[in-house]
Amino acid sequence: MPSTIPSYAEFAARLADARRRVDQLAAKDPDPMIQSIRRQLAFVDRWTQGGRRPAQDDLDKLTFGQMASRAVHEVDADLANELYELSSYLIFWPPTEPVRV
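Just so we're aligned, residue 2 is where the sequence shown starts under this note's numbering, counting upward by one.
None of these hints come from the bench; they were simulated from the model.
From the three backbone atoms N, C-alpha and C, an ideal C-beta is built for every residue, glycine too.
Misleading hints may appear alongside valid ones.
Said to hold, decoys possible - Cβ-Cβ distance ranges computed for the label pairs, FRET-style: (1) Gln25 - Arg47: 15 to 23 Å; (2) Ser8 - Asn82: 14 to 22 Å; (3) Asp59 - Thr5: 22 to 30 Å; (4) Lys29 - Asp58: 31 to 39 Å; (5) Glu75 - Arg53: 29 to 37 Å; (6) Lys62 - Pro3: 29 to 37 Å; (7) Pro31 - Ser8: 29 to 37 Å; (8) Pro3 - Ala28: 26 to 34 Å.
Using the sequences and the hints given, assemble the complete structure.
Encoded structure:
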């Protein structure tokens, strides 16, 4: 399902907030899935700098949306939902946003 995030600017702000929240969660719980989500969000941040859409090969490696349902939803449902939204935005990158070649 397409994301409700309307623009790259909002995506970037929400990604930064999600990274902060996942970092806090990881500090409390060293669960390997949470650590993986943390690393994946760092990659997404790097790949999307300046509004660039990540390469499809990179997108195909991301699993943080699915992992959120297993590792995050029970402890922070709001954060899990935010991770789903971010994942959806990446999958359904708006056609008006720049695409990295």
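Do the hints match the structure? See the list:
{"no.": "1", "hint": "Gln25 - Arg47: 15 to 23 Å", "in the structure": "21 Å, holds"}
{"no.": "2", "hint": "Ser8 - Asn82: 14 to 22 Å", "in the structure": "19 Å, holds"}
{"no.": "3", "hint": "Asp59 - Thr5: 22 to 30 Å", "in the structure": "23 Å, holds"}
{"no.": "4", "hint": "Lys29 - Asp58: 31 to 39 Å", "in the structure": "33 Å, holds"}
{"no.": "5", "hint": "Glu75 - Arg53: 29 to 37 Å", "in the structure": "34 Å, holds"}
{"no.": "6", "hint": "Lys62 - Pro3: 29 to 37 Å", "in the structure": "21 Å, violated"}
{"no.": "7", "hint": "Pro31 - Ser8: 29 to 37 Å", "in the structure": "34 Å, holds"}
{"no.": "8", "hint": "Pro3 - Ala28: 26 to 34 Å", "in the structure": "32 Å, holds"}
When each numbered hint is compared with the structure, a violation occurs for hint 6 only.
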